[in-house]
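With the hints as extra help, turn the sequences into a complete structure.
Which chain is which? The protein sequence lines are A and B, in order.
End of the first sequence = 121 in this note's numbering, gap-free, step of one.
End of the second sequence = 1150 in this note's numbering, gap-free, step of one.
Certain hints may be false.
Here are the simulated lysine-lysine pairs, DSS-like style, with alpha carbons at most 25 Å apart [unchecked claim]:
hint: 1; chain 1: B; residue 1: Lys1137; chain 2: A; residue 2: Lys97
hint: 2; chain 1: B; residue 1: Lys1057; chain 2: A; residue 2: Lys25
hint: 3; chain 1: B; residue 1: Lys1137; chain 2: A; residue 2: Lys25
Calculated directly from the structure, the hints in this document are not laboratory data.
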Amino acid sequence: MAAIQPRISVEYKDEATVVAFTDEKILEEMDVRALREAVESVVEQAPGIHLVLDFRHVRFLSSAVLGLLIRISKRVYEQEGELRLCNIHPGIHEVFKITRLTNVFEIHEDVESATRSFPEH
Amino acid sequence: MAAESPVRCSLTVESEPSALRRPCRQILSALEANGFGQDDLFAVHLALEEAFLNAVKHGNKMDPAKRVRIDYAVDREKVEICLTDEGEGFDPGSIPDPRVGDNLYRPEGRGLLLIGSYMHTVEYNRQGNSVRMVRYKDRPIPDRSHVPAT
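Laid out in structure tokens, this is it:
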């Protein structure tokens, strides 16, 4: 049986929870499902979470990941939290622009500017 | 690195997302061998993933008895990929624009938009179970992020 690799890393900076995707490519349904479960478990444990999703390692993703982000966003805001994305590679940022998801997600250059953007608790 | 040479290949694979791994590697290697750059590789990889997932999920409905046929040709100028599933087909014109209204907040429905944004030519057969996609090397694709809904 194959070992299960961690798909995310979690760090706490100031009042924010920073979740970084550790895969360079996120493609298949299994990958996306594993990520969804991993991130949602973080969100469920922290109502009102200030969540930063860090894409620094990600160089390629499919539209299934965009769907995953929509689902995570809904869950975060249902729990009265807030979501920011950051460190998005230019090639992937183009995907966000084409799909107009730049109008849906608040995207920051790096973790620091993302964490600073949250309102005070 | 493989020698620069035109490549033409046909193969059939199972109806599961992981079945694209090997053909995808072959196609991207052929692109590199023919001098395509990283932007081209990203574009073709994305369009291929989206089209294959459509064929497997929406075309063959993950039926293990059905297969997906992949035909591709790569030369110094362009890459041409044709994917054919064994489903009933669909009308690409019936798919709502995912950039409009509440569709923007739906988790699905962005695959066709991305394929059309990254490939120079996208054509479906009459039945709607086969897509032909072409991308030319180093040729920019017009910014389609502001194209109105069709």
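Now the hints, each set against the structure:
1. B:Lys1137 to A:Lys97: 22 Å, holds
2. B:Lys1057 to A:Lys25: Holds. B:Lys1057 to A:Lys25 sits at ~20 Å (cutoff 25 Å).
3. B:Lys1137 to A:Lys25: This hinted pair holds, its Cα atoms lying about 23 Å apart.
When held up to the earlier numbered hints, the structure conflicts with none and fits them all.
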